[in-house]
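Chain A is already provided as a structure; the job is to place chain B on it using the hints.
The residues making up each chain are set out below.
There are 2 protein chains.
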Amino acid sequence: MLRVVGVDPGLTRCGLAVVDVEPNRRATLIDVTVVGTSAEESLDQRLLAIAHGIDAWLDRHRPDALAVERVFSHTNVSTVMGTAQASGIVIAAAARRGIAVALHTPTEVKAAVTGSGQADKAAVGRMVAKILRLDAPPKPADAADAAALAITHGWRGAAPGSHASATRTGGSSGLTAAQRAWAEAEAAARHGSRRR
Amino acid sequence: MLRVVGVDPGLTRCGLAVVDVEPNRRATLIDVTVVGTSAEESLDQRLLAIAHGIDAWLDRHRPDALAVERVFSHTNVSTVMGTAQASGIVIAAAARRGIAVALHTPTEVKAAVTGSGQADKAAVGRMVAKILRLDAPPKPADAADAAALAITHGWRGAAPGSHASATRTGGSSGLTAAQRAWAEAEAAARHGSRRR
Numbered sequence: 001m002l003r004v005v006g007v008d009p010g011l012t013r014c015g016l017a018v019v020d021v022e023p024n025r026r027a028t029l030i031d032v033t034v035v036g037t038s039a040e041e042s043l044d045q046r047l048l049a050i051a052h053g054i055d056a057w058l059d060r061h062r063p064d065a066l067a068v069e070r071v072f073s074h075t076n077v078s079t080v081m082g083t084a085q086a087s088g089i090v091i092a093a094a095a096r097r098g099i100a101v102a103l104h105t106p107t108e109v110k111a112a113v114t115g116s117g118q119a120d121k122a123a124v125g126r127m128v129a130k131i132l133r134l135d136a137p138p139k140p141a142d143a144a145d146a147a148a149l150a151i152t153h154g155w156r157g158a159a160p161g162s163h164a165s166a167t168r169t170g171g172s173s174g175l176t177a178a179q180r181a182w183a184e185a186e187a188a189a190r191h192g193s194r195r196r
Numbered sequence: 001m002l003r004v005v006g007v008d009p010g011l012t013r014c015g016l017a018v019v020d021v022e023p024n025r026r027a028t029l030i031d032v033t034v035v036g037t038s039a040e041e042s043l044d045q046r047l048l049a050i051a052h053g054i055d056a057w058l059d060r061h062r063p064d065a066l067a068v069e070r071v072f073s074h075t076n077v078s079t080v081m082g083t084a085q086a087s088g089i090v091i092a093a094a095a096r097r098g099i100a101v102a103l104h105t106p107t108e109v110k111a112a113v114t115g116s117g118q119a120d121k122a123a124v125g126r127m128v129a130k131i132l133r134l135d136a137p138p139k140p141a142d143a144a145d146a147a148a149l150a151i152t153h154g155w156r157g158a159a160p161g162s163h164a165s166a167t168r169t170g171g172s173s174g175l176t177a178a179q180r181a182w183a184e185a186e187a188a189a190r191h192g193s194r195r196r
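Chains as they are written, first to last, in the UniProt record's numbering: chain A, 1 to 196; chain B, 1 to 196.
It should be emphasised that the hints constitute simulated quantities derived from the structure, not laboratory data. Since this is a predicted model, take the numbers as computed values, not measurements. Note that beta-carbon positions come from the ideal geometry of N, C-alpha and C, so glycine has one too. Please note: incorrect hints may appear among the correct ones.
To be verified - Computed spacing ranges between beta-carbons, pair by pair:
#, chain 1, residue 1, chain 2, residue 2, range
1, A, T107, B, R133, 53 to 59 Å
2, B, G98, A, T12, 20 to 26 Å
3, B, A56, A, R62, 24 to 30 Å
4, B, L134, A, R96, 31 to 37 Å
5, A, Q118, B, G98, 42 to 48 Å
6, A, I30, B, A136, 55 to 61 Å
7, A, H61, B, H61, 32 to 38 Å
8, B, P23, A, T107, 53 to 59 Å
9, A, T107, B, A39, 20 to 26 Å
10, A, M1, B, E22, 56 to 62 Å
11, A, E40, B, L134, 39 to 45 Å
Said to hold, decoys possible - These stretches of chain A come out as covered by chain B in the derived footprint (C-beta under 8 Å, 3 or more residues):
#, stretch
12, 47 to 59
13, 90 to 97
Isolated chain A, as found in the complex:
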């Protein structure tokens, strides 16, 4: 069993999720929250709130790995700097505790949970709910995205013989019986073609 904290970094809303992933890919949501800070606060107080939030989260849940969204400078110029600053704090918090850190791009996460790298937020949320056996996606979207990151990483990390690392960015292992069952359920849920 692999316990993964997923983080969707951001200054205004930083999504945090804890997902336990079993070797057969069964994923269970343990906890989810959003650390929010107001734009009226100073940058240092906002970043401090995020630092305290991730510290408490990691100490409480003691994950094996932390998966954080890989931030690109061209994503959204108006918010990307704050997002990057928050992600730096989150990554250092994990590294301080010897927790393995992995970065996944939004496209990788979408592909992992929906089968399509072009899936929209609603589709990601629906599949997150389905995978975690929830009645509805975690809210807000930042929380669902954090859960999706944790699932993405857990599925990679849980694959037999694979080893999660900060630099690993691609590759998919052969399908197990459970994975095939999941893939079929996924395809049925989406009523669409699967592109993985």
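Chain B only, in chain A's frame:
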């Protein structure tokens, strides 16, 4: 007397300086260093090294304020994300200790130490050496830039009645006798017109 830590953030070289600034603007370099990490290390280990570096620096020097370069997303796309992540860690480290944090743009720093927002790195280095009464600028340039940030902030913070804050970005106080003497020495050193 105001003790200011200046930080020029970066993943490969993070410049750290400590400058004591007296009310009459006399500035003295107490210590300077560069925390360097190799691109061959994983991002989490690089950020951890920077976290440990700034933690030790702040605990050793116990500054009144920390001045860090304000990072813009359009500055250098290839390195800006790592720079922003490093700056987030530095800002949170100061905030954890209740140290006031101020952001200054490169233009503000150049204008403060040379009188021109368009000064090149060499001119900034020369003025930093002159202001701090050193035979040569601190090396590498990241260290000199960190010292320039500390001086910039110290001169603002040391101005009578002023109060440094994370959001303060402009304004210049009236010249004292010491400031006038400095301005004259600066003008003589630059052999050029002064634009402040």
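To see whether the hints hold, each was checked on the structure:
1. A beta carbon spacing of about 54 Å between T107 (chain A) and R133 (chain B) agrees with the range 53 to 59 Å that was offered as a hint.
2. The hinted window of 20 to 26 Å between G98 (chain B) and T12 (chain A) holds, with their beta carbons roughly 24 Å apart.
3. Between A56 (chain B) and R62 (chain A) the beta carbon distance is about 26 Å. The supplied range of 24 to 30 Å therefore holds.
4. Here the CB-CB span from L134 (chain B) to R96 (chain A) is close to 35 Å, well matched to the stated 31 to 37 Å.
5. Distance hint check: the CB atoms of Q118 (chain A) and G98 (chain B) are about 46 Å apart, consistent with the given range 42 to 48 Å.
6. Between I30 (chain A) and A136 (chain B) the CB atoms are about 57 Å apart, so this pair conforms to the stated range of 55 to 61 Å.
7. Separated by about 35 Å at the C-beta atoms, H61 (chain A) and H61 (chain B) satisfy the suggested range of 32 to 38 Å.
8. Separation of P23 (chain B) from T107 (chain A) is about 55 Å and conforms to the stated range, judged on CB atoms against 53 to 59 Å.
9. Checked against the hint of 20 to 26 Å, the pair T107 (chain A) and A39 (chain B) passes, with Cβ atoms roughly 24 Å apart.
10. At about 60 Å, the CB distance of M1 (chain A) to E22 (chain B) agrees with the hint of 56 to 62 Å.
11. At roughly 41 Å, the beta carbons of E40 (chain A) and L134 (chain B) sit within the given window of 39 to 45 Å.
12. Check result for the stretch 47 to 59 of chain A against chain B: holds, 4 residues qualifying (beta carbon to beta carbon below 8 Å, three or more required).
13. Counting residues of the stretch 90 to 97 of chain A whose CB falls under 8 Å from any CB of chain B gives 5; the rule of at least 3 is met.
Comparing the model with each numbered hint stated earlier shows that all of them hold.
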